[in-house]
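Residue numbers (my numbering), protein chains in the order written: chain L, 1 to 538; chain G, 1 to 470.
Quick caveat, the hints were computed from the structure, so don't treat them as lab data.
Given the structure is predicted, the values throughout are model-derived calculations rather than measurements.
Mixed in with the good hints there might be a few duds.
Computed cross-link-like contacts, EDC-like style, restricted to lysine to aspartate or glutamate with a CA-CA straight-line distance of at most 16 Å [claimed, not checked]:
1. Lys220(G) - Glu334(G)
2. Lys220(G) - Asp281(G)
3. Lys220(G) - Glu513(L)
4. Lys151(G) - Glu219(G)
5. Lys506(L) - Asp281(G)
6. Lys506(L) - Asp280(G)
7. Lys506(L) - Glu334(G)
8. Lys220(G) - Glu125(G)
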Amino acid sequence: MILLIPIGLLLIASLAIFILFNLRPKYGTSWLIAAIASILAWLTIFYLRLRLPTTLEILSWGGSTSQLWGDFSLLLDYDSWPYSLALITITLAVIFTDAARTRYDSTPKSWSASLAIAALGLVAIQSGTSMMLIITWAIVDILELIYLLGLAEDTQFNHRIVIAFGVRIISIIMLSLATAINWQLVGTTDLTSIAPGAGFLFLLGAGFRLGVFPLNLPMLQEPSLRRGAGNILRMAPIAASLGLLARLPEGIITPNLSGLLPLFHALLAIAALYGAFRWVTSQSAVAGRPYWIITWAALAAESVINGAAGESLAWGVALLLSGSLLFLYYPRIQRMNFLLHFGLIGMIGLPYTPAASGWFGLTANGLTFWTFLYLLAHAMMVMGYLKFTLEPGGETSVLESWARLVYPLGLIIIIQAIITSGLIGWPGSLILGVWWLPILSILIIFGAFYLIRTAGFDTANIKLPSSSGFTKVLNWILPRLEPVFRLEWVYRLIWRIVAALSRILKIFSVIIEGEGGILWTILLLVLLISLLSSAVGN
Amino acid sequence: MTLSTPILWVILPLFISLITGIFYRRRILGMILTCTTGFGLGALAAFFPEDLVISIGPLTLNFVENLSILGRQININYQILPFVAFIYFSTGLWAVGSIRPSVPESFRPTSLVITALLTAALGVEPFLYAALFIEGAILFSVPMLSPLLSKTHPGILRFICLQTLALPFILLAGWLLSGVETLPPDSPLIVQTMIILGLGIGLWLAVFPFHSWVPMVSEKAHPLPVSFVLFIFPTVITLFSLNFLDRYTFLRTSQGLYQSLRSIGTLMIVLGGLWTAYQDDIKRAFGFSALSETGFLLLAIGLADQGGLSLLLMLFPAHAVSFWLWGFTLSLIETRADSRSIEVLHGFAQRYPIISSGLLVAQLSIAGLPLFATFPVKIALFSEAFAVRSGLGVWIFVGSLGLFFFSVRLLINLVTPNTEQAITSWVLTEKANVYLPILLTILAVIIMGLFPNAILTNITTILTAFGQLQ
């Protein structure tokens, strides 16, 4: 039952803030409720680290007389605890840092939404069975759809929200397929007993949702909620998908799929490199957030394909924690800029840092051509992070007095979580790792910085002068690349196929529903009888 | 005092429908009478004592399970009562929806007649007389689909034509069945009998290529009666078809039959899904979605050896709430939107968020989205189909994708703001009598999707009525 405490706390606080907001809007009280609930939930997650693994059976559809086989349970183990910690830390950090964004998008309504989404995110991360995960994904997606549509932005934005929802539905269908097949293979829906034969479909489900396998970016333009609730909104579903990746078994690339292995590696490498390139060239951290997610998720998925799903945790935690440190750092305060550098601890992967074990995931099948591509992507990600870290900030005076305390505290909590996950996150999180790969990555970064200096870039922000030829090339090529990787062409292709098919079906409908329809029906009937006689006779 | 169960569940509703028919213009009275009868008889069937004795104070009513009419018998035994309860509850539910003024006045009395006749069809002996009762129910559904004084559309004629064509096939099959039982298993007459029987049931269930009336009627008739017809006929006819499997060993043991049912079911799912995917007319889309659902019913029977019959029965309540929601929300949309084309529904969700949500939930529930009513059954069916043959699983997946594709298209059109209209932000304009039934049904759809073990499995006790199929 203890597993329900953090989830319950967040949900109750969310409901309380929602009611309070509608009855007597009080900013301070709402914030206090959100902060207290988040702190208590955060402390509970730490306490639960001492009691791993903890399981809670919730519901079972099955029975001696029933043909239904859904089991629902929560499971907090070494695979789900790091992501639970990351999500609850982000939630707490959102509430704390929102104190500094009262002039922007920080409202009791957004806190209520943040807490509810975080609670559902925790349920998804801690899902012990794939049925639990399917249902939680469906709930999260529907609530997110309602929430985003409620923001009532422009037509194009609504269109994108629905497309993104459609992509999520496909991921849910994939997961349902995987679950059904897994049930036939092993007779359980436990995520700890995934059969390798069904594993690839689970990977597709998670990969589709992460937007990485295959690469798809339906939601590049984000809603107005970009920092606080917006960050939770993006990170909670991602954390749930990463949690699934960490549970996949070895050998998901079965012999009949092994021929496609180079294609899978290539798809993921393209996603990682494209994402990293777009991240490093993004105008702002929040604008680059979809690419940030894509690249780290690609590294995590590559670890899974290499048969080292446990090592994907390192990249997943880097995505969530180091990313949130950067995305929640708004407004920028010059004197606090140094805090962002601690985010590097979570992503560089130097020995005895949280991401050190991640390199094992990328080299589980030995050093290959793909490893170097991922190394390059990693270097670009770190470089992009450094670029945003080096951006100048404003004065502390832009903050209210109470925000001067809680705003940095929110960022420090994330740094603390990064360090904690490195120390006690999962078995093997505190290791030497493949020590020379991060050093190589750092050397690439130094090399790039050297080139940047010699090429005349603005070193403070690593921005190209607008008059440079390279900028012009980028400005021409990037808008053309984006639709390709947003998979709009795939949607258009699907639409054309459907349209072509629909024309055939429409003609068929017109014939069969027309004046001579009955005659056609009789003709088809005769054909059907002859077919059936042979089928039944055999 | 001794009564018989057919008096309660066949004669009484027929009598009440006669009264409702006489006062057909009095909407509220008709609705109250139909609702009370539907829910009342449903509740009575659900809680009927097993010893068939009801004591009310000093009055003791002893019930017998049969009633003789013209030398024929109608048996409504205790085992079939959960199903009788279900169809009467469903009739009551549809009667609630008929409060909308746009619903044809003939709907209330005829819906009760149809339910009574179909109940009689389930229990008539010799059981081939059921075909006559079903034909009667089909004919009674015409006034609700094509109200008096309105121009008859070709879909109705097609409906009567194809449905009536089933009657000689079923009667011929019945005549042949009485003789083929003693024949050796490799006799060609057995295959011919199975084909004739299959054609009869296929015509009733609007199986491809006999489906053409479904989109035609769905397009022209009022959505609420259409949803009722598309729900109650396939439901009762599939259950009635189990009689054949229960009675005839050669049918029950024929692997070829099950294989054919699985194949035809999958074909229906694929065609229904693909046809739905590209539809622009939401009413036609509903017709094609219903065809896809008929495919799932056939697939479930085809998977009888894998426990498909329990799943078949569990699909019925899930269909009832989803189809009702479709019919109800569509009838509301029809009176509020300029056109039935989804392209013209731009901005509808902003003006009518609850109606739009109802329509989407109904569509997604029919498509089998997790969290909604049909999902628990469909995933189990999919899993079993995949185990039998992976190809079936792939095609079911394709068909389901078609339904989801249409749902996304519908959603895009509903939420795309209409720049020509004054309202571009979200406004709740629906009144309580509109949004309450929708919200309650959405809740029911979700509860069925989350707790199918508590809601759906009760109906599987009906299988005890089919001694050989348990």
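Checked hints:
A distance of roughly 11 Å separates the Cα atoms of Lys220(G) and Glu334(G); the hinted pair therefore holds under the 16 Å criterion. With a C-alpha separation of about 11 Å, the suggested pairing of Lys220(G) with Asp281(G) holds against the 16 Å cut-off. Between Lys220(G) and Glu513(L), the direct Cα distance comes to roughly 13 Å. Compliance with the 16 Å bound is thereby established for this hinted pair. With a C-alpha separation of about 14 Å, the suggested pairing of Lys151(G) with Glu219(G) holds against the 16 Å cut-off.
For the suggested pair Lys506(L) and Asp281(G), the alpha carbons sit about 12 Å apart, so the restraint of at most 16 Å is met. Taking the CA atoms of Lys506(L) and Asp280(G), the gap is near 11 Å; set against the 16 Å cutoff, the hint holds. Of the supplied pair hints, the one linking Lys506(L) and Glu334(G) is violated, its CA atoms being roughly 23 Å apart against a limit of 16 Å. Between Lys220(G) and Glu125(G) the CA atoms are separated by roughly 37 Å; this puts the pair beyond 16 Å, and the hint is violated.
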